[in-house]
Amino acid sequence: MSNAGDGVRNIGVVGRFFRQPVSVIALILVLLITIAVTFASAIAPFPPLLQDLYRSLQGPSSAHPLGTDSLGRDVFSRLLYGGQTTLLGVLVGCACFVVVGVILGLVAGYFGGLTDRTISGVADTLLALPGIVIVLAVLAIFSQSVYASMITFGVLSSGGLIRVVRATVLSVREELYVAAARVSGATPARILFRHILPGLYAPIMVQLSLFAGICLAVQTGLGFLGVSTPPPAPSWGGMVGDAAVSLAQAPYYLYFSGGIIFIMTLGFAVVGDGLRDAAAVGSSGDNPLRRRLGLKGKSDQSVEPFAGKREDSPLLSVENLTVGFRSNGNFAEVLHSISFDLERGEIVGLVGESGSGKTLTGLTLIGLLDPDAEVMTGSCKLEGEDLLRLDERGMTAIRGRRIGLVSQEPMVALDPLFTVGDQLMEVLRHFTGGTRKSLRDRAVRLLRDVRLTDPESVLAKRPYELSGGMIQRVVIAMALAGDPEILIADEPTTALDVTVQAGVLDLLRELKSTREMSILFVTHDLGVVADICDRAIVLEAGRIVEAASVDELFAAPKHEYTRRLIASTPSLLEES
Amino acid sequence: MNKADVLVVEGLAVDYKLRRQTSRAVSDVGFQVAAGETVALVGESGSGKSTIGNAVVGLVPITAGRVILNGKDITRATGRQRRSLAGQVQMIFQNPYGSLNPALTVEQILAEPLTAGLGLSLREAASRTVELLERVHLPADVMKRRPGAFSGGQRQRIAIARAVALRPSLIICDEPTSALDVTTQAAVLDLLAELQREINMSYLFITHDLAVVKSFASRVVVLQHGRIVETGTSSQVCNAPINPYTQALVAAAPVPDPVIQRQRRAARLGALSMAESGVSN
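Chains A and B supply the protein sequences, listed in that same order.
Counting along the first sequence from 1, when you hit position 289 you're at 289 in this note's numbering, and nothing is skipped either side.
Just add 576 to wherever you are in the second sequence, counting from 1, and you've got this note's numbering.
Hints listed in this document are in silico derivations from the structure and should not be mistaken for laboratory results.
Hints are supplied without guarantee of correctness; some may be wrong.
Stated by the list, open to error - Here are some chain A residues the structure puts well away from chain B; computed CB gaps all over 10 Å:
| no. | residue |
| --- | --- |
| 1 | P60 |
| 2 | P188 |
| 3 | G199 |
| 4 | R564 |
To be verified - A short, non-exhaustive set of chain B residues, derived as facing chain A with CB atoms under 10 Å:
| no. | residue |
| --- | --- |
| 5 | T651 |
| 6 | R652 |
| 7 | V831 |
As the list claims (entries may be wrong) - Just a few of them, taken from the derived set where beta-carbon distance is under 8 Å, the chain B residues facing chain A:
| no. | residue |
| --- | --- |
| 8 | S675 |
| 9 | L676 |
| 10 | S791 |
| 11 | L825 |
| 12 | A843 |
| 13 | R844 |
| 14 | G846 |
Positions of the beta carbon are idealized from the N, C-alpha and C atoms, including for glycine.
Go ahead and model the full structure; you've got the sequences and the hints to work with.
Structure representation (structure tokens):
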């Protein structure tokens, strides 16, 4: 169990990074060049300043693998030695960038108030300053000092990082575990370094690798201008400058000196891109919807002792439904051959705890399974038509028009940018079309149907201006827009206060009688089941353990698990 | 004020500042929690019940009123004084998925109050953490795992172990079971009751669920819009509420018995329509 959990975590940023071949190649290149440069004195065949004027500007040869420059110095050796100053400069720049950016960002984000405003002002100023101009001015004072220029550049560029770190801290600071640490008596410093900083690694690494590329470009640019490294000491930028002078005689010289800068800059950028992609949460669902209907396991109803099935032809009939999840080649069955019916005008509770498969059952019926989920066997027949064999187009004709869905999180179901009216009318237009006026009239009627007082004003409001109960009523109105015969209500009242819950349950009961609607009510709350359901199906770990009318179920629960559920449910009733 | 009271809250008011506006989340709230007692703060969302808990442990600033913990006024305690209070008051949060740092191991999480609050070395803390896990009925081999490896109920046990690590006299339980399944909820409530007997702690139990309170708390404080509307023993409040809001709360809570629930519903709807016709008249 622990391995599975840890695995999920570890695969995090690092794992996803190493699944990107291009990023990995870039990282290897950057590391190889860095190592070669570090051990230049061991690898380089010649000292960097050794001149041999008889052999100036020669092409690559066995003695000089990358040729020689205008003074006959070995280009390969000079690239290696020159890389030391260049990369050390980049390192110094990056170090200043990170130290200033992270510390100021952390302090601003964590302490807030005046501290935050002051530091944010500094960050904005840094962003507005022309970095290169100031670096050149610094170089006028500290003549040809690589480190002075890179320290200046690192500090001047840190404004962006300050902002990124500050924003991340602001969100991590609100995490409950930070509040828990405060209550545990942890000091601010401990909270910052133990709880907040680890959450910042990914964004910092991304910023850092991108900055390293910029830093290298600036550093070599300064070398090219001859203002940072004093000749004859080698530097990559200086060598490009040399090569530009003798471009006509020895073009290869420019290829090699410019090429290594190109490779390193590109390498930093690709690594940064890779880190950013890896850090982006919620990968795009590139897995195609895989739904396979196995032909094995012919239906065998006789082995279903607790199946919630009856004889006459029902509105909706689920038979031997088996659903599982596929990941990394493993298949985990989650729903084990469940069967039940739903009659017209009936409210059936699908009861279970988390992981029982109750929500999965609802999503299967409406064709909204996760791409990794697969239906193995079974059928879900709506008046004889098997929903599982419909293609996406066929399912679209069912969704909303014949089966509606109300989910647990009403706020997520609505777009905060649009008014209730926009969203409700959009749905109505999709189902029936019509003029704006007629759509609006029908929207008002729907809101009245869900017992919202003053529907006109609700239409003009955005979701965040409404209370939780009102939003859930709007969501129910949207589910009713296509006039479905079946409503799948997935924990529709779990996020609501009890007094509001009672009102929403009253509404659903009323819809059942006025519209003859059937409701599949997914819930974990046995009190709610007792209140609203006609029948209940109890699911435990993907199996139906008991199905009965609610009166029977509560009066004489047959299965041990049902008894345990009832006993665990807190109740206001006197203990009997 | 009783000498045995672990917590005394008097005239508490808490303001929230949003941009230029201030809104009062809690006003004029007063109650006591005696040693070894469980007092429930009950209310719906926006009633200010969680704000009161946060104010007691210093997570939100107090606008007016007094909070007295074990006879000491901690209303304006500084950061340093707050940290020294960690041994007296602890908190269990609603969401065990958020309250445990996903990057730390169980051992590191449990060691935090011991090292930060008590100043123990990591080595000294290690032996205590084994004992803590035993107390909350988790096997010692979970020590090196991270929160991601545990179910909601197990996580809440870890959070409880962290809260009792310093043997506080008071634990603020902020909806500790509302994110859990019913069977898990029952087990966690049993665990809290068991620990209370062993360590003689008081609980300030914050919840929206009167049914949970009925068996678990001795006294109940009902809140609406940041004010106390009713206080009493839990059987008094649950069986014979006096305040109309409390009555509505009790009436709206469904009970797991369809026959009785039908009667309750009829009574509630009857009362509702009577109230409506009363208004229209």
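Checked hints:
1. P60: holds (50 Å)
2. P188: Violated: least Cβ distance 7 Å, not greater than 10 Å.
3. G199: violated (8 Å)
4. R564: violated (6 Å)
5. T651: violated (17 Å)
6. R652: Interface hint status for R652 of chain B: violated (17 Å vs cutoff 10 Å).
7. V831: holds (5 Å)
8. S675: holds (4 Å)
9. L676: Holds: closest Cβ of chain A sits about 6 Å from L676 of chain B, inside 8 Å.
10. S791: holds (7 Å)
11. L825: holds (6 Å)
12. A843: violated (12 Å)
13. R844: holds (7 Å)
14. G846: The hint is violated - G846 of chain B has no Cβ within 8 Å of chain A, the shortest such distance being about 13 Å.
When the structure is compared with the earlier hints, violations turn up for hints 2, 3, 4, 5, 6, 12 and 14 and for no others.
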